[in-house]
Structures are given as structure tokens and as C-alpha cells.
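Chemist: Work out the full structure: start from the sequences and follow the hints.
Protein chains in written order, with the working numbering: chain W, 1 to 114; chain P, 1 to 115.
These are computed hints drawn from the structure, not numbers from a lab.
Keep in mind it's a predicted model, so treat the numbers as computed, not measured.
Ideal placement from N, C-alpha and C gives every residue a C-beta, glycine not left out.
Pulled a few chain W residues facing chain P out of the computed Cβ check, cut under 8 Å:
| hint | residue |
| --- | --- |
| 1 | Tyr32 |
| 2 | Gln42 |
| 3 | Gly43 |
| 4 | Leu44 |
| 5 | Leu46 |
| 6 | Lys49 |
| 7 | Thr51 |
| 8 | Phe90 |
| 9 | Ser94 |
| 10 | Asn101 |
| 11 | Leu102 |
| 12 | Phe104 |
| 13 | Gly105 |
| 14 | Lys106 |
| 15 | Gly107 |
The residues making up each chain are set out below.
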Amino acid sequence: AQSVTQLGSHVSVSEGALVLLRCNYSSSVPPYLFWYVQYPNQGLQLLLKYTSAATLVKGINGFEAEFKKSETSFHLTKPSAHMSDAAEYFCAVSEGGSQGNLIFGKGTKLSVKP
Amino acid sequence: EAQVTQNPRYLITVTGKKLTVTCSQNMNHEYMSWYRQDPGLGLRQIYYSMNVEVTDKGDVPEGYKVSRKEKRNFPLILESPSPNQTSLYFCASSSRQGARNTEAFFGQGTRLTVV
Numbered sequence: 001a002q003s004v005t006q007l008g009s010h011v012s013v014s015e016g017a018l019v020l021l022r023c024n025y026s027s028s029v030p031p032y033l034f035w036y037v038q039y040p041n042q043g044l045q046l047l048l049k050y051t052s053a054a055t056l057v058k059g060i061n062g063f064e065a066e067f068k069k070s071e072t073s074f075h076l077t078k079p080s081a082h083m084s085d086a087a088e089y090f091c092a093v094s095e096g097g098s099q100g101n102l103i104f105g106k107g108t109k110l111s112v113k114p
Numbered sequence: 001e002a003q004v005t006q007n008p009r010y011l012i013t014v015t016g017k018k019l020t021v022t023c024s025q026n027m028n029h030e031y032m033s034w035y036r037q038d039p040g041l042g043l044r045q046i047y048y049s050m051n052v053e054v055t056d057k058g059d060v061p062e063g064y065k066v067s068r069k070e071k072r073n074f075p076l077i078l079e080s081p082s083p084n085q086t087s088l089y090f091c092a093s094s095s096r097q098g099a100r101n102t103e104a105f106f107g108q109g110t111r112l113t114v115v
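Modeler: If you want it as C-alpha cells, here you go:
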């Protein structure tokens, strides 16, 4: 069965610093991988997705993620944090098989200090 | 505009009083699902539907029902709500590529409190 592990439930960075949010997955089939962002009192919004094309995926708001099969990782990065990046971030994997359900990690709350 | 619409956004109810949370999507997606979000637990799937009249249990289905009579609508029903169902609920619909979900679109959420 597929699963997703996000390392660190809370991450704090200074404005202008590198953002690195970690995601490791397990999957018995080539995975589809996603990062979602949730701002306070809002639903989840897709940041970026990997569906077996280029391994380096660029998303909205300057975020990107790299699929590394050997490390079973899909870490999310942004070179320079903005205050507006403060939110909760969820990594997800799409199951194989007939259902293709999305399995979510437990989320990482990002704080950005001025 | 592509969207998933949930109603209501906020709901306070009493134990045992049946309630329905509605969900509607305008993207002609076949796949729809319900999640609950609780602190420290992330999103857990309650039920999902692969198509009209096809529904199945997710990871935490106890105490919930769903129906899928039309492609666009996927209501969540709590026949006898209990305090442990106090949570933030999200409806989502997904585009598909073969057998996989390629992207989920989420509603704004329904914050339910059962007292």
C-alpha cells in the first residue's frame, strides 16, 4: 500500500531564507506525487504535481520539487521565503490500481519570520 | 470557473440530529471524495465515488453515509452525529489519467461542531 511521510510537522524559516519541506513516499508502482498548500480557513490548492514526466517540477509561487526515485523522495523547495508563504503544506501520492485514491501526508506547517 | 462548492461552511449541531453537507462540482469529474481534517492527523478519506451510483469506503467511514445520484453532486450524510465527528470536512473532485487521480480540486471546507 502507498504511504506518505512528511518530516517535521512544523518548520520555521526567516524571510528570504531557503524553504525545504520533506516528503518521502512508498509505492509499489511508479507514483504520481503532489504538493498542496492550505492557507488559513481555506481549502487545499495544488502547488505542483509529478506524473512521470520531468523529474524537476515547477509549481506556482516559485515552488519546485524534485522526484528522486532512488531516495523515494519528493521534497518541496523555494529559494527565498516570503511572509505570504506561511501556510500548511501537504504531500500526496496517487495510488495505483483501479481506485487511484490520493493518500496524504500529515502536513507541515510553515512559519516565516520577518 | 472550475470549482467545488460545499455548504454550509460552518455548522454547529447537537448529538443525534441528522445533517447533510452538500458538495457540487462543475468540472464533469467522475471521481469525488470526502475527507476529514484533524490536527496532527492530516486528511483522512471518508468515502469516495468512482462514478454515479458507485461509492466505496475510505479509511474512516464509520458514522457517515454518502450518495451519488448525479455526477456533479456528492452529499455527505451524518445520520446521528456524535462529538467525535467534530472536524473540518473537505469535498474534492479529481481528474483522472487512466486509473489514477492526477489532480484533486477541493471545496472551501465545512467546519462542523457537534455538541
